[in-house]
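What follows is each chain in one-letter form.
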Amino acid sequence: MRARYKILVYLVLIAGAAMFVLPFAWMVLTALKPIDQTLSQPHSWLPRRYEAQIGGRRQEVRPGALVTGSSLWVLAVGAKRPVVVPKSAVWDGAWHPAVGGPVDVAIVRDVPSSETRPWCEIGSLDGTLEDVVPVSEITSRVSFRWENFPRAVHSMRHFSRYLGNTLILCLLNVVGTVLSSAMVAYGFARLEWKGREPLFGLMLATMMIPFPVVMVPLYGLFRSLGMVGTLQPLWVGSFFANAFNVFLLRQFFRTIPKDLSEAARIDGCSEFRIFWQIILPLCTPALIVVGLFTFLGAWNDYLGPLIYLTDEKDFTLALGLDAMKTSESGGTEWPYLMAASTLVILPVIALFFIAQRKFVEGIALTGIKG
Amino acid sequence: MTPGERRQSVAGLAFVSPWLLGFVVFTLYPVCASIYFSFCDYDVLSKPVWVGFLNYQDMLSDSVFWQSVRNTLVFNLMALPLGLVSALLLALLLNQPVKLKGTFRAIYYLPSLVPAVAGAMVWLWILNGRLGLLNQALDALGFSNPPQWLVDPKWTKPSLALVSLWGCGNTVVIYLAALQGVPQSLIEASMIDGASPWRRLVHVTLPAISPVIYFNLLIGIIGGLQVFTSAFIMMGGAGPERSVLFYAIYIYQNAFEYRHMGYASAMAWILCMLILVLTLLASRIARRFVHYQGD
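So the sequence lines, in the order shown, correspond to chains L and X. To get this note's numbering, take the position in the first sequence, counting from 1, and add 251. To get this note's numbering, take the position in the second sequence, counting from 1, and add 213.
A few of these clues could be false.
Computed far set for chain L versus chain X, every beta-carbon distance over 10 Å [unchecked claim]:
#: 1; residue: R299
#: 2; residue: Q304
#: 3; residue: R332
#: 4; residue: V341
#: 5; residue: A357
#: 6; residue: D377
#: 7; residue: G438
#: 8; residue: F491
#: 9; residue: S592
In silico DSS-like pairs for lysine-lysine, Cα to Cα no more than 27 Å straight-line [claimed, not checked]:
#: 10; chain 1: X; residue 1: K314; chain 2: L; residue 2: K609
#: 11; chain 1: L; residue 1: K576; chain 2: L; residue 2: K564
#: 12; chain 1: L; residue 1: K609; chain 2: X; residue 2: K312
#: 13; chain 1: L; residue 1: K509; chain 2: L; residue 2: K576
#: 14; chain 1: X; residue 1: K367; chain 2: L; residue 2: K338
#: 15; chain 1: X; residue 1: K367; chain 2: L; residue 2: K576
#: 16; chain 1: X; residue 1: K367; chain 2: L; residue 2: K257
#: 17; chain 1: L; residue 1: K445; chain 2: L; residue 2: K509
Simulated from the structure, these hints should not be mistaken for lab results. What you are looking at is a predicted structure, and each value in this text was computed from that prediction instead of being measured. For glycine and all other residues, C-beta sits at the position ideal for the given N, C-alpha and C.
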């Protein structure tokens with residue numbers, strides 16, 4: 252009974268993990284496929300490379316439709332490309348389609364396709380060459396199309412600008428939030444002054460205000476300052492402390508013994524130096540947690556840039572990726588979209604593995620203390 | 214006041230001054246302005262014109278507004294319990310003595326870090342009606358006519374609930390931390406009393422972590438009522454037959470697409486009220502079920 256229970260636990264955990272990982276795996280596998288392998292059904296799991304003899308040399312080809320039954324590859328008079336037609340529909344040098352009159356054709360190739368030895372239409376990658384060959388003559392192997400990544404970057408047009416904008420925003424937000432929140436938290440945690448408790452209560456209360464309430468006036472404010480269309484509305488606020496982070500840091504600051512500050516004060520140390528040289532170094536773990544989550548918040552933000560950035564050239568990665576949803580031709584180029592998504596997700600995942608423990612501590616801290 | 218006390222008073226105000234300044238400019242002013250705008254006809258480009266309660270009256274007769282309310286509530290009735298229960302289940306399992314605990318936890322947590330846009334793109338691809346992985350799998354399993362997840366208005370909300378479920382790792386980690394804080398003495402006492410694992414769960418573990426369940430519920434309600442990004446990106450706004458026109462999306466459209474900023478502000482205040490009412494309701498219910506240690 253005990254063993255059966257254990258197996259059940261593992262089964263559910265593994266099934267759950269598989270479902271959480273699958274979207275990542277599918278994203279990366281798609282990112283490494285040629286486009287045509289994402290448009291045909293059913294998909295093969297792994298990206299493949301097909302090769303066959305075409306145009307006199309063996310090269311990579313795109314497999315097309317499978318030919319069913321004995322057929323002929325014929326070129327109709329006036330047509331540019333030959334087509335595959337059933338052998339039974341061709342006689343007297345003409346193709347007799349089910350609908351419409353006979354068409355004079357020249358037979359290019361006999362296609363003796365059968366159930367046991369099927370043939371297949373193929374085309375060269377650049378679309379200039381076509382042929383019909385036995386399926387057995389097409390070789391296939393697993394091959395990852397890494398060049399999709401540079402192509403995705405290219406098709407996002409201003410990728411380097413988007414990346415630059417995003418990194419600038421991340422940097423300014425992290426610096427602004429960490430510095431200002433730490434300062435304010437110090438004032439609330441380690442100094443005794445009149446009005447501290449009511450102000451702290453007021454600050455906590457501001458966390459209850461949903462963003463849509465302030466969204467319109469903030470937009471109006473930044474607009475009257477001439478900042479709409481620039482990155483400024485997306486980072487200026489971070490230098491004025493964020494209630495949630497102040498709360499988090501205050502909890503941490505309070506755990507440091509009071510005697511430490513008192514001793515420094517008796518030695519004539521200024522309040523700012525106590526903050527900067529004694530308390531901050533002791534609180535780096537908490538500062539890193541705040542910095543990490545601020546970085547992610549800036550990296551992931553969508554609504555902010557959507558509201559304030561107006562010119563396509565000034566977008567962030569989030570907006571640039573969104574704009575890639577439909578390509579210029581109107582359809583979606585899934586491999587490129589998935590490659591670009593991978594590039595946007597990758598730094599987040601890297602950061603997670605570098606600072607995994609910090610994340611888990613931080614998230615647990617926010618939950619428990621709340 | 215001694216010199217030391219005065220010094221601390223001055224320093225205290227100096228240290229919190231960034232927040233004070235920010236509070237006035239980025240919170241107090243916008244909140245007051247938003248109340249004012251909600252009684253105005255306002256399009257940012259010209260001065261607001263006082264219209265009294267017109268925006269609020271318009272809301273009552275705006276069928277799209279009511280649709281956005283319905284959509285938001287229906288979506289949350291699906292997504293919220295689904296997310297909370299799945300996260301709790303995973304956390305309970307992870308709290309068992311299993312191997313690779315850290316790996317499982319990392320796997321569950323990672324998707325919640327993924328940028329909403331990138332996650333939306335991946336799910337657009339998986340849920341694609343003809344080419345998507347999900348429908349290809351269903352097809353292979355013999356379902357000849359799988360749902361058009363993103364096109365059929367019946368299925369758009371469940372699809373988005375599935376997407377939000379993918380990001381429940383956050384909640385798993387919070388639950389797990391709470392579970393690890395359940396006093397071992399309580400568990401041992403119940404084992405000595407011969408309680409079955411099920412009774413131990415219902416009568417010891419769940420009550421012990423009930424404050425955290427309540428916390429997750431509150432966060433879920435507040436966030437759920439403001440759900441925006443994945444729906445907005447995946448469905449390009451309102452979705453087929455406005456089936457995923459959520460409250461926050463309709464606010465956004467009014468503010469930045471139709472430039473009805475006054476109406477958007479009024480809607481935002483109603484959202485604020487809605488959040489308040491639902492949190493109060495939740496706290497009423499919670500009073501009966503949430504046990505704080507030491508009670």
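Q: Identify every previously stated hint that the structure contradicts and give their numbers, smallest first.
A: Hints 7, 8, 9, 13, 14, 16 not satisfied by this model.
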